[in-house]
Amino acid sequence: MTATSDLIESLISYSWDDWQVTRQEARRVIAAIRNDNVPDATIAALDKSGSLIKLFQRVGPPELARSLIASIAGRTTMQRYQARNALIRSLINNPLGTQTDNWIYFPTITFFDICADLADAAGRLGFAAAGATGVASQAIQGPFSGVGATGVNPTDLPSIAFGDQLKLLNKDPATVTKYSNPLGDLGAYLSQLSPQDKLNQAQTLVGQPISTLFPDAYPGNPPSRAKVMSAAARKYDLTPQLIGAIILAEQRDQTRDEDAKDYQAAVSIKSANTSIGLGQVVVSTAIKYELFTDLLGQPVRRGLSRKAVATLLASDEFNIFATARYIRYVANLASQQDLRKLPKTRGAFPSIDLRAYAGNPRNWPRDNVRALASEYTSRPWDDNLSPGWPMFVDDAYATFLDPGMRFP
1 MTATSDLIES
11 LISYSWDDWQ
21 VTRQEARRVI
31 AAIRNDNVPD
41 ATIAALDKSG
51 SLIKLFQRVG
61 PPELARSLIA
71 SIAGRTTMQR
81 YQARNALIRS
91 LINNPLGTQT
101 DNWIYFPTIT
111 FFDICADLAD
121 AAGRLGFAAA
131 GATGVASQAI
141 QGPFSGVGAT
151 GVNPTDLPSI
161 AFGDQLKLLN
171 KDPATVTKYS
181 NPLGDLGAYL
191 SQLSPQDKLN
201 QAQTLVGQPI
211 STLFPDAYPG
221 NPPSRAKVMS
231 AAARKYDLTP
241 QLIGAIILAE
251 QRDQTRDEDA
261 KDYQAAVSIK
271 SANTSIGLGQ
281 VVVSTAIKYE
291 LFTDLLGQPV
301 RRGLSRKAVA
311 TLLASDEFNI
321 FATARYIRYV
331 ANLASQQDLR
341 KLPKTRGAFP
351 SIDLRAYAGN
361 PRNWPRDNVR
371 ALASEYTSRP
381 WDDNLSPGWP
391 MFVDDAYATF
401 LDPGMRFP
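Using full-length UniProt numbering, read the sequence shown as starting at 1 and increasing by one per residue.
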């Protein structure tokens with residue numbers, strides 16, 4: 001036995017006048033697990049005494065059960081298999097388990113496995129620990145009012161009013177505009193921002209803690225976006241400044257209303273192929289290019305539904321790694337192209353060096369950044385360019401390279 005297992009058994013035990021685990025007791029159980037220095041020994045002791053299954057059966061409601069499951073999955077190593085088996089047995093009389101609300105797309109065991117894989121990846125890739133964090137924007141509409149600015153997760157936004165849904169279906173111009181990208185003239189928007197405004201936006205974006213669906217899978221508070229971007233940059237031989245620039249550009253042209261529309265459409269009966277989250281990753285792109293490969297093992301990825309993929313894209317760490325992996329894919333693809341067959345690209349970006357894309361962005365000509373920005377938003381290297389977007393991303397990149405920019 002351990003001190004934590006003794007405490008947990010006392011909190012979840014029943015008596016003649018105590019036939020349920022209260023919310024307060026459940027929170028004490030979760031806190032005990034999260035603060036335990038020997039979690040594997042505690043799980044082994046609970047398993048040996050027959051209390052491990054009871055633990056999973058008795059701690060609820062679903063949001064607290066998920067917190068419990070994530071805390072155990074993220075902290076166990078040697079005893080993770082035993083914990084998973086006990087969780088399976090606990091679901092015999094409650095097959096839906098934690099599948100409520102946005103979690104309907106994740107069977108309880110899949111949720112356990114995602115938390116376990118994420119915890120392992122965070123430790124392996126160096127973004128498990130929390131870092132210094134900044135303050136979110138309070139903007140609720142207009143440019144730069146989506147998740148990148150506010151930290152409000154798309155899955156937490158209210159359902160779009162039925163009246164607006166009908167108007168969107170009928171393509172009412174005013175309603176379509178309300179739920180679409182807010183910027184028309186990208187250059188005009190940038191001209192309204194001072195250098196300090198741009199720095200403030202960049203620092204707001206990267207300084208916040210990640211907006212994650214799996215906070216309890218981490219050993220403490222979730223890490224900052226900057227920490228996750230830095231980890232993704234190391235993994236894919238990129239720079240956090242390039243990842244940050246792509247994301248900042250996307251988020252400048254994003255609103256809270258558009259976040260709501262894109263996520264809710266993706267998980268609706270239509271399963272719309274929308275772009276979601278910080279880097280505006282398209283659901284089909286995440287599936288086709290297996291953009292979660294470095295955070296989730298193949299068994300988990302293979303079992304994800306399309307709506308589960310859409311939901312994971314709303315979680316910052318998954319979106320950042322998906323964005324970075326796709327940037328690296330586009331860059332590697334460029335290094336295999338023949339510039340003579342890309343006359344528009346060569347004309348628009350005269351300093352481009354396709355071979356340089358195989359290396360780190362620190363060694364790219366600036367035109368490589370601009371060209372990649374164009375290809376990130378469309379079919380890569382088909383010689384059809386995205387008007388205005390290369391310079392829009394380049395402006396964000398310049399901000400991240402500014403000496404005044406703090407990358408926590």
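Each hint should be verified, as a subset may be incorrect.
Said to hold, decoys possible - Simulated crosslink set (BS3-like; lysine-lysine; CA at most 27 Å straight-line): (1) K307 to K171; (2) K307 to K270; (3) K178 to K167; (4) K270 to K167; (5) K270 to K178; (6) K307 to K288; (7) K167 to K235; (8) K270 to K341; (9) K171 to K270; (10) K288 to K270; (11) K167 to K341; (12) K341 to K178.
Think of the hints as simulated: they come from the structure by calculation, not from any bench.
Next item on the list: List in ascending order the numbers of the hints, as given earlier, that are violated by the structure.
Entry: Numbers 7, 8, 11 and 12, in rising order.
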